[in-house]
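J.: So the sequence lines, in the order shown, correspond to chains A and B. Here the UniProt record's numbering is used: the first residue of the first sequence is 1, the next is one more, and so on. Here the UniProt record's numbering is used: the first residue of the second sequence is 1, the next is one more, and so on.
Quick caveat, the hints were computed from the structure, so don't treat them as lab data. Possibly wrong hints are sitting among the right ones.
Here are a few chain A residues that face chain B, going by a calculated C-beta distance under 8 Å [to be verified]:
no.: 1; residue: Arg-452
no.: 2; residue: Ala-568
no.: 3; residue: Arg-607
no.: 4; residue: Gly-699
no.: 5; residue: Leu-721
no.: 6; residue: Thr-725
no.: 7; residue: His-729
no.: 8; residue: His-794
no.: 9; residue: Ala-806
no.: 10; residue: Glu-812
Some chain B residues flagged as far from chain A (calculated, every beta-carbon gap over 10 Å) [stated by the list, open to error]:
no.: 11; residue: Ser-58
no.: 12; residue: Glu-77
no.: 13; residue: Leu-114
no.: 14; residue: Ala-159
no.: 15; residue: Pro-189
All residues carry an ideal CB built from backbone N, CA and C; glycine is no exception.
As a plain string of letters, each chain reads:
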Amino acid sequence: MTTASHVKLPATFANWFEEKGWQVRDYQFDMLARAAEDKDILLIAPTGAGKTLSGFLPSLLDLHEAPQDGLHTLYISPLKALTQDIHRNLLEPIAQMQLDITAETRTGDTPSHKRQRQRKKPPNLLLTTPESLMLMLSYADAPAIFGRVKRVIVDETHSLIASKRGDFLTLAMARLKHLAPAHQRIGLSATVAHPDSVAAWLGRSGQPADICHVPEAVKPQITMLKSDNRMPFGGFMARYAIDEIYQVICQARTTLVFVNTRAQSELMFQMLWEANREGLPIALYHGSLSKEQRRKTEDMMASGLLRAIVCTSALELGIDWGSVDKVIQVGAPKGVSRLLQRIGRANHRFDEPSDALLVPANRFEALECQAAIDAIAAGSLDGDKPMPGALDILPQFILNCLCSAAASPEAIYQQVLDAAPYQGTDRADFNKLWTFTANGGNALAAYDRYQRLSKKPDGTFKPADRRVIQRHRQNIGTIVEAGRLKVKRIRRGNQGKIIGEVEEYFASQLTPGDSFLFAGEVLVFDAIRDMQLHARPGKGKEPKIPSYVGGQMPLSTFLADGVRDMLAAPQRWQALPAQVQEWLDLQAAFSRIPQPGEVLVEQFPYRKAYHTLYYTFEGRKANQTLGMLLTRRMEKMGIKPLSFSVTDYGLSVCAVNSINDSQLAALFQPDILGDELEDWMLQAPMLKRSFRQVAVVSGLTEQRYHSSQKTMKQVTFSTDLIYDTLREHDPDHVLLAVARADAERELLDLRRLADLLIRFVDKAHLVSLKKVSPMAIPIVLDVRSEQVKGAGAHALLEQATLYEEAESMLDEVRAYLSGGD
Amino acid sequence: MAVTEQWISNVLRNRQGTLVRFAGMAWLLDARGVAYLPEKDALVVSDLHFEKGSYLHSKGNPLPALDTRATLSRLDEVIDAYRPATVISLGDSFHDAQSLPRMTTDDQQALATLVATVRQWYWVEGNHDPDIPTELPGEAVTTVTHKTVTFTHEPDDTATYQVIGHYHPKCRQVVSRRRYRGKCFVVTPHMLIMPAFGQYTGGLDVNDEALLALAPERQRQCYMLYDERVVAVT
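Let the hints inform the model, and build the full structure from the sequences given.
T.: Structural data, given as structure tokens:
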């Protein structure tokens with residue numbers, strides 16, 4: 001850090017640091033020096049190291065030395081909540097040092113009058129999200145707003161790598177570079193497995209950013225709860241541990257209780273309040289609550305009024321609440337990096353260890369918790385490597401650029417190449433996507449007159465009319481969410497308050513009088529009116545819990561390896577809670593412990609069907625693909641598969657008939673990759689699912705409904721229908737290819753699967769059981785299963801009486817028919 | 001070939017359709033989303049919504065406009081299977097007033113040829129197509145009547161028995177904790193509601209207020225279309 005020595009802070013800043021009792025750290029000087037040299041910088045530091053302030057420091061100094069009007073620095077955060085929090089923390093030093101600097105937030109929640117003002121008179125520092133940035137870039141006055149941007153700060157950079165949202169942001173930044181060629185980038189990241197690839201992702205035009213690495217000062221203290229209560233074999237709610245969790249909350253100053261899904265958070269919150277004998281202020285926080293509710297909780301937390309928050313990943317990034325001294329993770333940690341991120345919420349001070357408690361919800365999860373603790377102690381990290389950019393975002397990007405100013409395909413293509421994940425984008429692919437943007441890529445020439453883009457005399461293109469622009473702006477973004485309904489809590493008549501959203505899928509399951517748990521209370525469903533779900537507070541036995549299909553957590557395959565290793569080494573079991581050791585002994589006695597060098601396959605009857613469990617430990621993606629292929633072959637073999645579900649550890653297939661050893665040998669063969677993959681891929685539900693996402697992202701179908709349309713469902717229709725139509729009548733359509741590529745990118749792990757199948761030819765070990773084994777319980781209980789069309793479903797739906805009734809009517813029809821052959 | 005007893009028997013055995021009694025007559029509900037009335041040798045199809053794709057297209061949506069082609073080829077297939085004396089297209093056949101001129105020449109010709117193969121083709125008017133294009137063969141009507149049964153697009157309060165379209169009903173069946181869903185026929189003592197046939201048509205759940213008002217849960221029987229089969233929803 002030799003460059004650091006010649007940087008000196010102006011007196012205003014030096015005094016402020018002194019008043020705070022803070023010291024400027026070496027790495028902060030280092031960053032200032034590099035910023036002065038106009039280098040892109042990736043700052044990798046553990047939480048609590050003052051990362052965010054370090055990111056803003058160069059800009060605060062710039063603006064202090066040379067005050068200017070207009071936008072100087074853009075701060076981009078993956079979370080809306082984070083922009084609020086950072087804004088709060090940023091206003092403090094600005095006020096205390098009396099700096100002449102303006103800072104504002106701009107997200108989807110920003111009221112329109114404020115947006116208008118921000119366009120006319122942008123603040124010096126603008127805190128925003130990737131979607132809001134893209135929207136602003138679509139304005140005709142984007143060059144005026146962004147033309148003088150000097151710096152872009154990307155917070156929580158690690159969370160954006162290898163995601164569509166990250167791809168989307170790199171395109172927005174490429175556009176920004178076109179408007180403000182000299183801007184500098186600073187990435188702020190938690191510790192990651194592959195720093196070099198993050199630096200390459202961040203840097204301008206192929207040049208990786210300089211890495212500034214602040215090592216972890218102290219390792220976190222992590223323990224696993226060893227409860228005296230009976231720990232269940234399966235289930236995901238950790239009810240057994242509620243009293244112990246509550247005790248920990250009582251003893252700590254402030255606790256964050258992390259769970260993995262929104263549904264779990266509702267239930268955990270409910271259970272904690274039942275146990276809350278001392279009436280401690282405990283709150284609930286997840287992404288489906290209304291923004292007012294979330295804001296209220298954030299403010300209460302910031303002013304130290306809360307003792308605990310039950311929360312989902314919505315609170316896991318960067319929000320800085322100094323008072324948190326305990327983090328409890330309920331349920332499987334799902335990944336080492338994610339766990340570290342969550343644990344980092346506790347004791348947001350650099351040199352003190354974070355204090356965390358892991359509470360496995362079932363005995364299998366205890367294995368994963370222990371694997372995570374071991375990995376953190378050994379300093380190993382999981383993390384995704386960057387992938388080539390997702391192509392379905394390009395139509396959105398093309399239109400976004402043209403909404404701002406007319407341009408030629410060549411000019412936009414060059415900007416696309418400027419985004420790191422898109423460096424290798426093929427010109428032919430780009431051209432197809434351009435054509436799609438222009439006219440839907442229609443194969444029928446008759447439809448050529450419906451152009452969304454019109455060509456100007458100089459050869460550039462612009463959107464054909466205002467409707468195209470409006471429609472695009474309403475649908476910007478890449479995160480596909482299932483249809484949502486606002487939840488209105490009714491007091492009397494139709495009067496009430498919006499308290500959040502549920503997925504349409506959940507709403508469609510409710511009948512009037514049903515009760516469900518939402519925002520921490522029991523509500524009774526009334527009706528769906530005007531795209532709102534009306535419900536009243538009330539009582540109900542066994543309220544349902546909204547599930548969120550879109551809110552499932554991406555899992556890391558890294559821990560699956562850790563669990564496999566632990567199972568193979570019984571001497572390591574001693575670290576596990578006694579109940580978990582007993583459970584493993586039980587498994588060994590009842591069935592078998594999965595051994596290295598084989599794939600254990602268990603089979604047992606359950607609820608009028610046969611379940612087979614394949615313990616592959618190859619991760620969710622590979623298991624998903626294996627499930628598709630196995631059920632396809634089972635269908636051909638007459639085993640009548642009904643559905644399958646996957647976890648990181650294995651695959652569970654449910655079928656009408658059982659399998660034997662020779663059938664298993666025929667199933668578990670590498671040739672299923674060749675024989676079944678192609679035809680199955682084309683009709684698999686998962687490909688339709690990825691098409692659905694591609695359709696929304698590329699602008700094919702609207703994500704936002706116009707509230708004026710009453711019978712929305714008759715107007716909108718499933719993208720499955722478009723998929724089927726294209727497959728049949730235009731199989732070369734570019735979106736089919738994109739959906740296929742997307743499925744391979746996000747869902748399949750063919751390489752790993754092929755490797756597995758080759759390694760374990762004839763090494764699948766079938767154990768037939770009378771009932772479910774101890775180890776299988778959590779996997780079987782994980783009900784998010786994928787249904788299989790075919791003979792199995794037909795057998796389930798078979799109605800002998802319907803057939804007999806119909807056949808009995810044949811006689812009476814005979815008289816009218818044209819006579820038999 | 002036209003419909004024979006043997007043929008219907010096969011359809012029933014393969015679960016590709018079922019026979020139900022409505023208005024005192026036997027009706028064959030086909031898994032492809034059409035109803036056949038043997039007594040009149042009439043095939044009923046509803047809500048074709050031709051050129052819905054290009055309609056949305058003209059609203060700035062880059063939807064592939066292949067829906068007419070897909071709907072036509074499916075329609076051609078069922079008409080070829082039944083060779084009915086009468087076809088009743090139960091309204092909303094055309095998504096909007098400009099649907100026919102927007103169709104490709106090939107599709108226009110295919111449609112005209114198909115209509116010409118049927119002795120009597122009724123275009124019942126719907127809310128989307130109050131004016132049926134006159135250049136097409138077939139007869140534009142507001143309703144069709146057969147004995148006590150009225151075929152109409154939207155419900156008619158004065159009819160004793162009526163076959164209607166318009167609502168695009170769909171429903172679900174849960175068996176062994178698995179959920180199956182699809183478009184459906186809804187049959188009540190006085191009403192037969194047809195599923196939508198058009199390629200780009202969505203559906204309204206039978207438990208939606210609008211459909212419950214017409215067909216209350218206790219009076220209705222739903223026949224769901226799933227994977228080329230007809231299933232009575234219990």
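J.: Looking at the structure, which of the earlier hints fail to hold?
T.: 2, 11
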